[in-house]
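Colleague: So the protein sequences, as listed, match chains U and X. Residues 1 to 171 (our numbering) make up the first sequence, in order. Residues 1001 to 1484 (our numbering) make up the second sequence, in order.
There may be inaccurate statements among the hints.
[Claimed, not checked] Keeping only pairs whose Cα atoms sit at most 25 Å apart, straight-line, the calculated DSS-like set for lysine-lysine is:
no.: 1; chain 1: U; residue 1: 165; chain 2: X; residue 2: 1432
no.: 2; chain 1: X; residue 1: 1150; chain 2: X; residue 2: 1100
no.: 3; chain 1: X; residue 1: 1159; chain 2: U; residue 2: 90
no.: 4; chain 1: U; residue 1: 165; chain 2: X; residue 2: 1150
no.: 5; chain 1: X; residue 1: 1100; chain 2: X; residue 2: 1030
Hints are computed from structural coordinates only; laboratory data are not their basis.
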Amino acid sequence: METFFFVFIATFAICTALAMIFSGSTVNSALYLVLHMLSISGFYLLLQAQFLAVIQILVYAGAIMVLFLFVIMVLNLGEDDTLKSHINFKEIFAFLLGVVVLAQLLYIVGGYSGVLPELTVEQAKAVGTVEAIGDELFTTFLLPFEVTAILLTAAVVGAMLLAQKTSNVED
Amino acid sequence: MEILNDLMNYLPAAIVAIGGLVVMMQDGYKVKSRTIYSTTMIFLGLALVVATHDLFFAERSELFSGMALSGGTAAYGTFIVVFGAFFTVILTHDYLIGVKHNFPQVYPLLMFCTVGMITLATANDLVTVFVGLETMSICLYALAGIIRDKRLGVESALKYFIMGAFSTGFFLYGIALLYGATGYTRLEEIGAFTDGGLIYWGGVSLLMVGFFFKVSAVPFHMWTPDVYTGSPTTIAAFMATAAKTATFVALVLVLERALPFAAEQLVGTFSVIAIMTMILGNVVALVQDNVKRMLAYSSIAHVGYLFVGLAAGTVEAYSAVLFYLLAYTFMNVGAFGVIAYYEKNHDVHFNNVESYSGLGYQQPIMAVLLSIFLFSLAGIPISAGFNAKLLVFAAAVDAGLIALVVIGVLASAASAYYYLRVMVYLYMREPKEVVTLIQPKLVYSVSLVLLAGLTLYFGVMVGDVMSMLNSFFAVSEAATAAAP
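With the hints as extra help, turn the sequences into a complete structure.
Modeller: Have a look at this one:
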């Protein structure tokens, strides 16, 4: 049953990812991306990470994708502005390089004989809960967590810096 | 309270972080830019005092349940970063007013960036390394694009952002694979793992690619010249010194603590990268007419010399690399500072070496300072740059990398040409057009004089610093030997 779900979700994820890249119109691409995000949250569910799955849907498929769509609509891309790709030597080379790297990575990951502990279903369920994640986040990973807060603040300030007009400057 | 104790040992980062938030709120309440600047300086000055205290007195310990370190290399890295940030803010304030782009948001961003760098330099866990690296990079992406009305500024910010985000992907995937191979993200626990295996090597190589990009080693250097040229000059100095120092300290720590096994196997890789970086950086710098671009390529060349030390991989070599970073911070912030001074007198594109003709006799002190910094960058004796190169190359000779050192010395000799060329223009060419230089602000020239003084001081006195740096690694080796 689990294998069936995995194959189903994996196929779905790959198909939507490909559809997103090859789709001609930006709105379609964004919608395919939503589907892709949903299928990723399916993976998290299979791995017993319920909290991550919910967050994935809320944050990525929900909030971020809505922003994407808004931006696309505000920019008002017409049909003639759709993304067209021209095949040239550079792209073929990049494609080949990508294929080589992908093959290497697949080979590496395929040969994986794990050192990670095998968890029973109950243990795995306990790891993925909000309590377990919150506990780790505020004890062991406190420092990275707090620095992440600075990171997000910095991103907002950076966006403000880049978005404002030059004329706002005093002195 | 353990957490309070940890926080006390992590005080420089905490002060800078709080300072950044305070400055950000001041901007929100439309406080005068002058006040924002002074608040920034107060917090950074405080952090600098604490960091200096930590450098000499802090004991080595693990903080925040092993996520970060205090004392030793961590205190050293923190000191260089805060020192670099302190002087960058002084120079940046003046420069941005001069080129009329003094956004108040620059100051909180510089402080957040410093927090990221401190986190990076003190990290003891790959998660912390990653978070620190990202905090630093995000701020730098934004800072690179301050001067947007010139095409170069936009290009610089966008290029840095896209390439940086891409390399972060490599970095993160490397961490994931290493975690898969060893089951840990803590540095020592990865270090206990010596059995190769494809997945381990996959992780190591992707992690290294991420690091090589951030320090701009050839073949991952493409972004550097464009980003440095397009960024505000003093921010470029910050990228070239504090950012590189933090990344290099993290790289040395990762190599020394987490991957000693891989570091031995990677001598060949590091040597090849060192050779390519030294040769390409120096050769391309020879033909640059734009002084900023020349310094960008020269910073690539300096990364090559640092990689000679990494290739040697001994305790002496790692200490020499750390000393090099200190020396490089003094001289490069100084050199960029003088260039920023010339530039703000005229306009943002006053960077061509020909436009420096005859400037040496106006405001002679600035030209003398620039000469000192360039001498030091070229590695001429009685300067910190000479000692730094000497120590790195000596450690490499001890490790048996003779060919590498020969190439390094030759490349370094070639580099004298393009550094001295600037001085030739300053002193020995007739000016084409009349440029009047305004008197630099007192604090500006005093900080540059201080940097020049430190450059010369470390050209003579190295022993103390080196014994201190060696002791950092000696203690850590004793600690790892004692631990099972």
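Colleague: For each hint, tell me whether it holds in the structure or not.
Modeller: Verification of the hints:
Between residue 165 of chain U and residue 1432 of chain X the alpha-carbon distance is near 36 Å, which puts this suggested pair outside the 25 Å criterion. As the CA atoms of residue 1150 of chain X and residue 1100 of chain X are separated by approximately 13 Å, the hinted pair is consistent with the 25 Å bound. The hinted pair formed by residue 1159 of chain X and residue 90 of chain U meets the criterion: a straight-line CA distance of about 18 Å does not exceed 25 Å. Straight-line distance between C-alpha atoms of residue 165 of chain U and residue 1150 of chain X comes to about 13 Å, which keeps the hinted pair within the 25 Å bound.
With a C-alpha separation of about 18 Å, the suggested pairing of residue 1100 of chain X with residue 1030 of chain X holds against the 25 Å cut-off.
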